[in-house]
Amino acid sequence: MTSFHPHKGPDPFWQRGEVLRFAGALAGAALVGRPAPALAGQPAADRTADALVALVAREYAAAAGYRAAGGELFHRLAANCEAHVTALRSQLESVGREPPRPGPAAEVGDGTALERDFVAAYRAALGDLYDPATKRTAATIMAGHAQHLVALAANPIDALGETS
Amino acid sequence: MVGTTTRRGLLAAGGAVLLAGCGADAEPPPPDAELLGAVLAYERALASAYERVPGRVGRELGARADALATRLAAAGARPAAPPDGDEPLGLERGCMAATLTAIGLLRDASARDLAADAMTASAQHAAILLDRAGRDPLETPFPDGRAT
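Protein chains in written order, with my numbering: chain D, 1 to 164; chain Z, 1 to 148.
Any given hint might turn out to be false.
As the list claims (entries may be wrong) - A partial selection of chain Z residues facing chain D, derived with a Cβ cut-off under 8 Å:
hint : residue
1    : A116
2    : P141
3    : D144
4    : T148
Unchecked claim - Footprint (simulated), chain Z over chain D, 3 or more residues, beta carbon under 8 Å:
hint : region
5    : 82-95
6    : 125-135
7    : 143-154
Since the hints were made in silico from the structure, they are not lab data. The model shown is predicted, which means the values in this text are computed figures rather than measured ones. The beta carbon of each residue, even a glycine, is placed where N, CA and C say it ideally should be.
So that you can see chain D by itself, here it is in the shape it has in the complex (with noise of 0.2 Å):
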C-alpha cells in the first residue's frame, strides 16, 4: 500500500486507510457525542470496558433472579436492572466492546444483600471509568440501586446507612 504521508515513509499509521479510517472516526465521534474510537485501545478505554461488562453482567443476572423470585416489587426492580442494562450498553459500545450475553439468574434472597453489594460495585467502579458522562451514569444507577434498598425496606427510614 502507498504510504500517505510525505515525509514518513511506510509507517503502518500513515496508511491512507488508516489516516481515512482515524479522521473519520474522530469526525462520526464528535457528530454522536461519544468517546473517540481511537480511545479504545489505550488502557484508560479498557478498564471502563472491563468495569463496564461486569456491571452488565451483575444487572443481567438480577434482573433474571428477580423475575424467577417473582412478585411486584421484585418484578419492579428486574426492570430497572433492565433499564440499567440498556443504559450501560450504550456506553460499553461507545468503547468498542461487545457486551456480555445474559447469564444464569443470581440467588437475590430478599435483596437487601444483592442490592448493597451492587452499591458497592458501582462505587468501587467508579475509579475504573474513564468519561464523565459513563461516571455519572454509573453514579445515577448506583443511588437507584440505593433506593431499591429503602423499596425493599419494611421502614424505608430503616434501609439509611446500609450503604455507606
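Chain D is already provided as a structure; the job is to place chain Z on it using the hints.
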C-alpha cells in the same frame, strides 16, 4: 481529483475535531474543593430544611445531611452560594445534580467516594420523602431523572 478533495475534507474534519477536543481538554475542570463545595451548599441547606420536618424523618435525614456537610467541609470543600428553595425533595434533587456533576470531574479518589456517599444519601432521602407523601419511591430507574 474528487478522491483527493474527499480525503482532504475528511482529514480537515478530523483535524478540526482533534483540535477542538484539545481545546476542550485544555479547559481544566474546576478544582475538587469547588466541585465538592456545590454539594456542601446543598447539604447545609438540607440540614436546615429538615429542622422544619417533624418526627423521625426530619431528625434522621437532617442528621445525615449535617454529617455529610461536616465530612465535606473537612475534605476542604469551599461552600458555594446557598441554593434557592427550602423544600427538602427539591433540595435533594438539586443535591443529586450537583453531586453527579462533581462525580464526573473529581480527581481525588477519596473526594469521589465522599460524593458517592452524598449521591446515595440524597437518592435514598428522596425515595423516603416520596414514600412519605404517598408517591412511588421508585419513580424512575435513574434518580437523576434521565430517561435511559
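- Hint numbers not upheld by this structure, sorted from lowest to highest: Going through the list in order, the structure violates no hint and respects every one.
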